[in-house]
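*Asks:* Each chain, written out:
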Amino acid sequence: MSQGPKSQSLIQNTKCECGHQNPVGTVLCEACGKPLTEEAEAQPILEMRYDGVARRSQKANPGLIDRVWNFFSSVKVAIYLILITLIGSSLGTIFPQESTFLNIDGSVYYKQEYGTIGHIYYLLGLSNTYTSWWFVLLLIMIGASLVICSLDRVLPLYKALSRQRIPKHMSFLTRQKVVYQGAVEEDGAAWVERVKPVIRKKGYRVRTDGGTLLAEKQRFSRWGPYILHIGLIVFLLAVLARNLPGLHMDEHMAFPEGEPVHIKNTSYYLMNDGFEVEFYTEDDLPNEFKGRGKVLPKRFETQAILYRCDANCDNPAAEPELVEVTRHNIEVNKPLNYEGLKAYQFDYDLTPILRSVSPVLINRKTGEEYGKIELSIGDPVKEYEAGEYRLTLREYYQDFGLGDNGEPVNLSSRPNAPAYLFQIEGPDLPGEGIRYFYFPKQVDKERFQQDAINAQLAGGEVLFDLDVQGMEDVDFAASTTYLNIRVDKAMPFIWVGAFIGMVGLVMGFYFHHRRIWLRIDEGTLTLGAHTNKNWFGLRREVSAILKQMGIDVDEKSLDNNRGSQS
Amino acid sequence: MTLVEISSDAFIAAFFLYCASFFMYTIAVMGRRFRKRDPEAHLAKWGKIAFITGVLGLVGHLIYFFTRWAGAGHVPVSNMYEFMSFMALAIMIAFLILYFIYKKSLLGLFALPLTILIMAYAAVFPQEVQPLIPSLQSYWLGIHVTLAALGDAFFAVGFIAGLMHLLRTVDFSQSGKSSRREQRWLELCMFLIVVLIGFIVSVYSFRAGGYEAVFNQPQVDPETETSTIVRVEYSMPPLVAPYNSETESMTSFLGMKSPLFEAPSWMEGVNAGRKFNTVLWSVLSGAILYGLFRLILRKPIALFIQPALKRLNPDDLDEISYRAIAIGFPVFTLGGLIFAMIWAEIAWGRFWGWDPKEVWALITWLFYSVYLHFRLSRGWQGKYSSWLSVIGFIVVMFTLVGVNLIIAGLHSYAGTD
Numbered sequence: 000m001s002q003g004p005k006s007q008s009l010i011q012n013t014k015c016e017c018g019h020q021n022p023v024g025t026v027l028c029e030a031c032g033k034p035l036t037e038e039a040e041a042q043p044i045l046e047m048r049y050d051g052v053a054r055r056s057q058k059a060n061p062g063l064i065d066r067v068w069n070f071f072s073s074v075k076v077a078i079y080l081i082l083i084t085l086i087g088s089s090l091g092t093i094f095p096q097e098s099t100f101l102n103i104d105g106s107v108y109y110k111q112e113y114g115t116i117g118h119i120y121y122l123l124g125l126s127n128t129y130t131s132w133w134f135v136l137l138l139i140m141i142g143a144s145l146v147i148c149s150l151d152r153v154l155p156l157y158k159a160l161s162r163q164r165i166p167k168h169m170s171f172l173t174r175q176k177v178v179y180q181g182a183v184e185e186d187g188a189a190w191v192e193r194v195k196p197v198i199r200k201k202g203y204r205v206r207t208d209g210g211t212l213l214a215e216k217q218r219f220s221r222w223g224p225y226i227l228h229i230g231l232i233v234f235l236l237a238v239l240a241r242n243l244p245g246l247h248m249d250e251h252m253a254f255p256e257g258e259p260v261h262i263k264n265t266s267y268y269l270m271n272d273g274f275e276v277e278f279y280t281e282d283d284l285p286n287e288f289k290g291r292g293k294v295l296p297k298r299f300e301t302q303a304i305l306y307r308c309d310a311n312c313d314n315p316a317a318e319p320e321l322v323e324v325t326r327h328n329i330e331v332n333k334p335l336n337y338e339g340l341k342a343y344q345f346d347y348d349l350t351p352i353l354r355s356v357s358p359v360l361i362n363r364k365t366g367e368e369y370g371k372i373e374l375s376i377g378d379p380v381k382e383y384e385a386g387e388y389r390l391t392l393r394e395y396y397q398d399f400g401l402g403d404n405g406e407p408v409n410l411s412s413r414p415n416a417p418a419y420l421f422q423i424e425g426p427d428l429p430g431e432g433i434r435y436f437y438f439p440k441q442v443d444k445e446r447f448q449q450d451a452i453n454a455q456l457a458g459g460e461v462l463f464d465l466d467v468q469g470m471e472d473v474d475f476a477a478s479t480t481y482l483n484i485r486v487d488k489a490m491p492f493i494w495v496g497a498f499i500g501m502v503g504l505v506m507g508f509y510f511h512h513r514r515i516w517l518r519i520d521e522g523t524l525t526l527g528a529h530t531n532k533n534w535f536g537l538r539r540e541v542s543a544i545l546k547q548m549g550i551d552v553d554e555k556s557l558d559n560n561r562g563s564q565s
Numbered sequence: 000m001t002l003v004e005i006s007s008d009a010f011i012a013a014f015f016l017y018c019a020s021f022f023m024y025t026i027a028v029m030g031r032r033f034r035k036r037d038p039e040a041h042l043a044k045w046g047k048i049a050f051i052t053g054v055l056g057l058v059g060h061l062i063y064f065f066t067r068w069a070g071a072g073h074v075p076v077s078n079m080y081e082f083m084s085f086m087a088l089a090i091m092i093a094f095l096i097l098y099f100i101y102k103k104s105l106l107g108l109f110a111l112p113l114t115i116l117i118m119a120y121a122a123v124f125p126q127e128v129q130p131l132i133p134s135l136q137s138y139w140l141g142i143h144v145t146l147a148a149l150g151d152a153f154f155a156v157g158f159i160a161g162l163m164h165l166l167r168t169v170d171f172s173q174s175g176k177s178s179r180r181e182q183r184w185l186e187l188c189m190f191l192i193v194v195l196i197g198f199i200v201s202v203y204s205f206r207a208g209g210y211e212a213v214f215n216q217p218q219v220d221p222e223t224e225t226s227t228i229v230r231v232e233y234s235m236p237p238l239v240a241p242y243n244s245e246t247e248s249m250t251s252f253l254g255m256k257s258p259l260f261e262a263p264s265w266m267e268g269v270n271a272g273r274k275f276n277t278v279l280w281s282v283l284s285g286a287i288l289y290g291l292f293r294l295i296l297r298k299p300i301a302l303f304i305q306p307a308l309k310r311l312n313p314d315d316l317d318e319i320s321y322r323a324i325a326i327g328f329p330v331f332t333l334g335g336l337i338f339a340m341i342w343a344e345i346a347w348g349r350f351w352g353w354d355p356k357e358v359w360a361l362i363t364w365l366f367y368s369v370y371l372h373f374r375l376s377r378g379w380q381g382k383y384s385s386w387l388s389v390i391g392f393i394v395v396m397f398t399l400v401g402v403n404l405i406i407a408g409l410h411s412y413a414g415t416d
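Chains H and L, in that order, give the protein sequences. Mapping of the first sequence onto numbering that gives the first Met the number 0: position 424 corresponds to residue 423, and the numbering continues sequentially without gaps. Mapping of the second sequence onto numbering that gives the first Met the number 0: position 331 corresponds to residue 330, and the numbering continues sequentially without gaps.
I should point out that these hints are in silico values taken from the structure, not numbers from a laboratory. Think of the CB as a built atom: it goes at the ideal place given N, C-alpha and C, for glycine as much as any other residue. Please note that a few of the clues may not be correct.
As the list claims (entries may be wrong) - Selected chain H positions facing chain L (Cβ under 8 angstroms, derived; list incomplete):
(1) 204
(2) 285
(3) 337
(4) 341
To be verified - Facing chain L, from chain H, some residues (calculated, C-beta under 7 angstroms):
(5) 78
(6) 85
(7) 89
(8) 90
(9) 127
(10) 129
(11) 133
(12) 135
(13) 152
(14) 283
(15) 332
(16) 483
(17) 504
(18) 535
(19) 539
Unchecked claim - Here are a few chain H residues that sit away from chain L, every Cβ distance over 10 angstroms (derived from the structure):
(20) 77
(21) 99
(22) 128
(23) 143
(24) 160
(25) 253
(26) 266
(27) 311
(28) 331
(29) 497
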């Protein structure tokens with residue numbers, strides 16, 4: 000409120016001597032260009048930013064919304080925001096971010112790897128710099144600044160540039176950075192008519208008004224920065240939208256050769272139908288690598304088949320009905336892409352993996368074979384029939400181990416040590432049947448003493464055995480490929496934003512808005528010229544124009560030296 | 000002779016042509032003070048000869064680039080040697096473009112030594128053609144890296160013009176507080192350049208002398224927690240040994256038979272000790288070189304260079320600096336960020352992963368956008384903006400070299416130590 004009287008006086012002063020009523024905050028009269036403020040009046044060379052128009056933020060009595068608007072409309076604030084973001088991002092590169100690892104415990108890892116400093120780094124949250132609230136807030140604030148800074152300037156600037164008047168005040172012309180003054184012998188209007196085609200030839204649009212002229216070219220380059228800002232806003236919005244549920248998926252999955260694996264939260268299955276890897280031979284390697292036993296892969300490829308599940312997808316008891324939709328050989332740099340679902344080659348493992356076994360249930364004493372069951376290692380079913388006997392799966396461990404109290408536990412979800420606890424029912428067995436532990440891998444049988452466990456479970460003698468009789472009853476996956484499965488529905492917007500931004504950059508940086516004003520008063524030519532970039536080129540152009548009119552001036556002497564030269 | 004051998008010869012030819020060009024630029028500026036002849040004509044004549052020699056060097060450099068491309072079967076920007084060579088090439092191209100706009104051949108007086116330094120630095124790294132790992136086998140390697148480097152090269156020319164502007168305008172006759180500070184910072188820039196020369200001189204001297212020292216350092220693998228002994232080979236006398244290491248062999252140097260001290264415990268990485276040792280040698284030999292310069296010149300280096308630039312208009316230099324950065328900014332945005340994102344999307348399935356190199360490319364971009372916004376403000380043209388162009392170039396060099404040497408990440412593929 001204390002600003003009352005001051006703004007009052009500003010309002011009174013905004014009427015220019017040419018009769019034009021300017022809005023509050025106008026620096027140079029919108030019509031004739033005469034400097035209006037004391038500050039502008041004192042400048043030896045006029046500050047031509049935004050053509051001296053009033054910005055939206057320059058209001059007489061700002062309210063709360065105006066104050067917020069004013070804060071974000073300041074270029075200074077924008078610069079500070081960028082600088083803080085810059086410093087913030089650099090902090091995130093001191094140690095690796097947690098996101099670079101697939102699974103680590105940050106509270107332990109940083110202390111172990113980098114000592115106390117690393118632990119402090121973790122505690123400060125810098126191990127997740129780029130997803131931290133303050134970093135996201137900074138990005139949002141930059142977004143707000145982009146919108147408000149642009150709106151604050153682009154509308155008044157657009158108005159000013161589309162309503163330019165041709166005659167300009169003398170003090171506007173003589174305080175441009177490129178200036179020429181000299182005598183002209185012929186009539187002013189005639190001279191202006193004569194210079195018109197010369198300037199036009201340089202690509203300018205020329206308008207005249209008696210003895211005055213305005214030539215302008217490549218005005219569109221003034222919109223470059225604003226178009227860049229629009230592109231950046233689209234980009235930032237797309238980045239923020241990726242955090243919305245359903246728009247983004249990012250999973251690292253293992254695909255053992257030859258079996259379709261369900262891709263979580265989708266109706267798709269992907270099968271690794273064969274994996275190939277090729278290594279550089281010793282001859283391909285440069286001398287410094289030779290003889291070091293360094294293995295460098297040359298190419299690796301997953302022959303992938305993508306299926307869509309049409310029925311029985313969520314029914315564990317039945318086989319899902321899969322329909323092939325596409326095949327693609329996935330390599331690094333050559334991902335599979337099916338309607339936005341993408342699979343990238345990420346890693347591979349050449350260790351064979353047990354996929355299924357088909358053991359036979361035999362009588363331990365007589366050796367009589369009752370029947371064969373087919374047991375899938377990763378995906379066992381609930382019940383099996385072996386002749387007259389029925390096996391019901393009670394417990395199933397991917398990675399069997401013993402807990403602190405000696406009870407069986409699952410150590411991980413990797414099939415390192417699969418184990419199955421069956422309930423066997425059938426002839427000559429007690430009503431509820433007997434329990435039987437089965438370890439498909441020979442090493443595990445010995446390590447966990449399968450026979451001893453079963454003897455204990457049976458309460459004495461072990462009656463049965465599940466026994467794999469030959470290699471044809473064991474099914475291995477030769478290798479496993481690791482794919483990164485991604486869905487990113489915001490991607491098109493990211494590219495659109497980047498493209499718009501690029502268009503803006505090219506407009507703004509490779510084209511230059513140039514304007515030449517001139518007036519002839521009683522045999523004196525006064526010329527002023529302005530550009531937002533590349534003064535050198537403008538001086539050269541003006542000098543060439545004057546030369547064609549018979550006025551010889553050195554390019555350099557067009558430079559307005561008022562006060563700037565020591 | 001294979002293509003790769005032709006390419007190596009072309010590299011050396013380009014290097015010496017650049018050196019000759021630089022020498023002639025020096026004659027162009029210095030000669031006019033000593034001879035009794037029209038200084039303008041002398042400058043014009045020798046400036047022209049120097050410029051043409053520089054362009055011939057660029058031709059040789061281009062021959063290097065394309066023959067190596069043909070010989071290796073991939074765009075030669077995949078390791079430090081190839082990348083730095085390309086960087087030097089790009090700086091010459093950017094210099095040429097700015098020359099065609101502004102016709103200031105004196106820009107070469109600074110552009111050439113920078114190119115020469117970067118080429119010499121490139122040659123420090125192993126020069127053999129290396130096979131590409133699968134993630135680099137993409138035409139995007141050529142598009143992304145060359146365009147990003149070209150953008151950086153314009154920033155480098157912006158830095159050159161900015162530095163020339165400072166050398167031209169910083170007043171050494173004043174002794175006020177702020178002028179003193181300015182003089183000191185400018186001289187520090189000169190000192191840093193001499194340190195870079197010191198690094199290159201010491202690498203080549205010890206290499207020529209065939210110096211070697213070997214250490215054994217235990218390294219603990221954090222995942223398996225097993226310890227292995229790693230051999231660390233030094234090619235410079237060990238002022239500092241790797242942390243917690245034992246000397247296996249060491250050639251004595253000037254009576255120094257054992258390392259002077261051991262690296263602190265936080266420098267426990269495999270090559271941290273050796274890198275630290277290299278830094279020490281660079282600073283040491285840089286300081287000696289700088290001391291020699293000062294003894295001979297009897298004044299600060301910046302003050303010694305200043306008269307050579309007297310004929311240049313500071314405003315022109317300021318504009319060239321700004322223009323170079325304005326030309327480079329869209330190129331860098333496209334090559335260093337947008338194409339990088341497209342490739343990352345194709346190769347790794349994410350357009351952005353906050354990898355240190357990516358972050359530093361973003362920091363470079365943010366820094367130059369700050370520069371461009373500052374140019375809008377009154378009072379930020381001239382000196383301030385020249386200082387920003389100098390700092391900007393330090394950021395660029397850190398992104399290109401520092402990140403690979405210190406931080407590493409996905410971009411640290413080949414021969415960076």
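*Asks:* Next step is simple, just say for each hint if it's right about the structure.
*Replies:* Status of the hints after comparison with the structure:
A hinted interface residue such as residue 204 of chain H counts as satisfied when its beta carbon comes closer than 8 angstroms to some beta carbon of chain L; here the least separation is about 24 angstroms, so the hint is violated. Taking 8 angstroms as the C-beta cut-off, the interface hint given for residue 285 of chain H holds, the closest approach to chain L being about 4 angstroms. Because the closest C-beta pair between residue 337 of chain H and chain L is about 14 angstroms apart, greater than 8 angstroms, the hint is violated. A least Cβ separation of about 6 angstroms between residue 341 of chain H and chain L falls short of the 8 angstroms threshold, and the interface hint therefore holds.
Here the hint on residue 78 of chain H is kept, as its CB sits about 5 angstroms from the closest CB of chain L, short of 7 angstroms. Contact between residue 85 of chain H and chain L, as hinted, is supported at the beta carbon level, the nearest pair being about 4 angstroms apart and thus within 7 angstroms. A cut of 7 angstroms between beta carbons decides the hint on residue 89 of chain H: the least distance to chain L is about 6 angstroms, and the hint holds. With its C-beta approaching chain L no nearer than about 10 angstroms, residue 90 of chain H sits outside the 7 angstroms limit, and its interface hint is violated.
The beta carbon of residue 127 of chain H comes no nearer than 10 angstroms to any beta carbon in chain L, farther than 7 angstroms, and the hint placing it at the interface is violated. About 5 angstroms separates the beta-carbon of residue 129 of chain H from the nearest beta-carbon of chain L, less than 7 angstroms, and the hint is met. The beta carbon of residue 133 of chain H comes no nearer than 15 angstroms to any beta carbon in chain L, farther than 7 angstroms, and the hint placing it at the interface is violated. Interface hint at residue 135 of chain H: violated, since its Cβ lies 13 angstroms from the closest Cβ of chain L, which is beyond the 7 angstroms cut-off.
Interface hint at residue 152 of chain H: violated, since its Cβ lies 10 angstroms from the closest Cβ of chain L, which is beyond the 7 angstroms cut-off. Evaluation of the residue 283 of chain H hint against chain L yields a held restraint, the C-beta minimum of about 5 angstroms falling below 7 angstroms. Below 7 angstroms, beta-carbon pairs count as interface contacts, and residue 332 of chain H has one with chain L at about 4 angstroms; its hint therefore holds. With its C-beta approaching chain L no nearer than about 5 angstroms, residue 483 of chain H sits inside the 7 angstroms limit, and its interface hint holds.
A cut of 7 angstroms between beta carbons decides the hint on residue 504 of chain H: the least distance to chain L is about 4 angstroms, and the hint holds. With its C-beta approaching chain L no nearer than about 6 angstroms, residue 535 of chain H sits inside the 7 angstroms limit, and its interface hint holds. Given hint, residue 539 of chain H at the interface with chain L, is violated; its Cβ is 10 angstroms from that chain's nearest Cβ, farther than 7 angstroms. At roughly 7 angstroms from the closest C-beta of chain L, the C-beta of residue 77 of chain H falls inside 10 angstroms, breaking its exclusion from the interface.
With 10 angstroms as the threshold on Cβ separation, the claim that residue 99 of chain H sits away from chain L is violated: the shortest Cβ distance comes to roughly 8 angstroms. The Cβ of residue 128 of chain H does not lie farther than 10 angstroms from every Cβ of chain L; its closest approach is about 8 angstroms, which violates its non-interface assignment. The beta carbon of residue 143 of chain H is kept farther than 10 angstroms from every beta carbon of chain L, the shortest such distance being approximately 16 angstroms. Taking the minimum C-beta to C-beta distance to chain L, about 17 angstroms, the non-interface status of residue 160 of chain H holds against the 10 angstroms cut.
Once the 10 angstroms rule is applied to beta carbons, residue 253 of chain H is consistent with being away from chain L; the minimum gap is 16 angstroms. With a least beta-carbon separation of about 21 angstroms from chain L, residue 266 of chain H lies farther than 10 angstroms from that chain, consistent with its non-interface assignment. The Cβ of residue 311 of chain H sits about 30 angstroms from the closest Cβ of chain L, beyond the 10 angstroms cut-off, so the non-interface label holds. At roughly 4 angstroms from the closest C-beta of chain L, the C-beta of residue 331 of chain H falls inside 10 angstroms, breaking its exclusion from the interface.
Once the 10 angstroms rule is applied to beta carbons, residue 497 of chain H is inconsistent with being away from chain L; the minimum gap is 5 angstroms.
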